[in-house]
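Chains as they are written, first to last, in the UniProt record's numbering: chain A, 1 to 176; chain B, 1 to 176.
Be aware that one or more of the hints could be misleading.
Calculated lysine-lysine pairs in the DSSO-like style (CA-CA distance at most 30 Å, straight line) [stated by the list, open to error]:
| hint | chain 1 | residue 1 | chain 2 | residue 2 |
| --- | --- | --- | --- | --- |
| 1 | A | Lys129 | B | Lys130 |
| 2 | A | Lys129 | B | Lys66 |
| 3 | B | Lys129 | A | Lys130 |
| 4 | A | Lys130 | B | Lys130 |
The hints are simulated quantities; they were obtained by calculation from the structure and are not laboratory data.
2 protein chains.
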Amino acid sequence: MRHVLSALVQNVPGVLAHVAGMLASRGYNIDSLAVGETESPDLSRMTFVIVGDEAVLDQVRKQLEKIVTVVRVDDISAQDYVERDLMLIKVEAPEGSRSEIRELTSIFRGRVVDVSPTEMVIELSGQEKKIEAFIDLMRPFGILELVRTGRIAMVRSITRPMVKGMSPPIDHLAAQ
Amino acid sequence: MRHVLSALVQNVPGVLAHVAGMLASRGYNIDSLAVGETESPDLSRMTFVIVGDEAVLDQVRKQLEKIVTVVRVDDISAQDYVERDLMLIKVEAPEGSRSEIRELTSIFRGRVVDVSPTEMVIELSGQEKKIEAFIDLMRPFGILELVRTGRIAMVRSITRPMVKGMSPPIDHLAAQ
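Just chain A, same shape as in the assembly (with noise of 0.2 Å):
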């Protein structure tokens, strides 16, 4: 099983290497890792995805909580959330497919950040499905670089009904 959790911490030097180190020291199965800032400057949101069942996760959960610059943990994926996680991927694209890279890029909703005779960076956001999707049908071009940042989480809002004449949100369309 899959969990996400997302750990709002302290933005002290250090957090980073007290998390890492108890997760690592108990041989946690971490699959992703963001740290990233928040609306607030003493504050950063870690979001972790982390394999096992759901002892597994409640250790974590427990160990994180023990932490004292952990000022909060939540487990997102016992909610209805919106995932993302974010690729720039460097692909080979000489002049005869540069025009089929660009319509994937589309149908994907990436953008091309940078071109050169020879190669072409793409920038490819969504649900980690989605862009492991376009890793694989960039593969026959030829894959020269690829960073990834790890996936970011957030809750949906509780109230889902529609208002009238909103449009639908577009989420699942975005994520294919």
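Using the hints provided, position chain B relative to the given structure of chain A.
For chain B alone, kept in the frame of chain A given last:
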């Protein structure tokens, strides 16, 4: 000075703890860290943004290279590069302010990924300054939650002359 380091590391448990521990014990000021998968399942890539002079950068680089599980370290900011960060932001969006938020989102090439009668979740990727400008624009509406991935970066292709019939790189546009 702001430096972007990209480290290719073995995808083994404990490597993040090792790297984070080294950085913390030496008190380096890490502005951002992203850890994500690469084109190879055996390797992960860590992107650091470090604030400091050349001497600090050199120390961090040498310390990273000493770690056995670190395969390679590149100073991306020494070259011409593309940098991206991803954000999910939840803002207060009652009916009266929804269209204005949608318009700002569209100008910044963001995407509305969730909506409720009172709130909206927007996804936005781009350079740090673009993301920060958007956050500032959202403040008056009321920011409820904000998650960021931390920055990733990729060196541009070396051969930059334009090829006949190609559209120019849209990076400058996308980055506002």
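Each hint, compared with the structure:
For a cut-off of 30 Å, the pair hint linking Lys129(A) to Lys130(B) stands: about 27 Å separates their Cα positions. For the given pair, Lys129(A) sits about 35 Å from Lys66(B) by alpha-carbon distance, which is inconsistent with the 30 Å threshold. Taking the CA atoms of Lys129(B) and Lys130(A), the gap is about 27 Å. The hint holds against a cut of 30 Å. Distance check on the hinted pair: Lys130(A) and Lys130(B) sit about 25 Å apart at the alpha-carbon level, within 30 Å; holds.
In terms of the numbered hints stated before, the structure departs from hint 2 and from no other.
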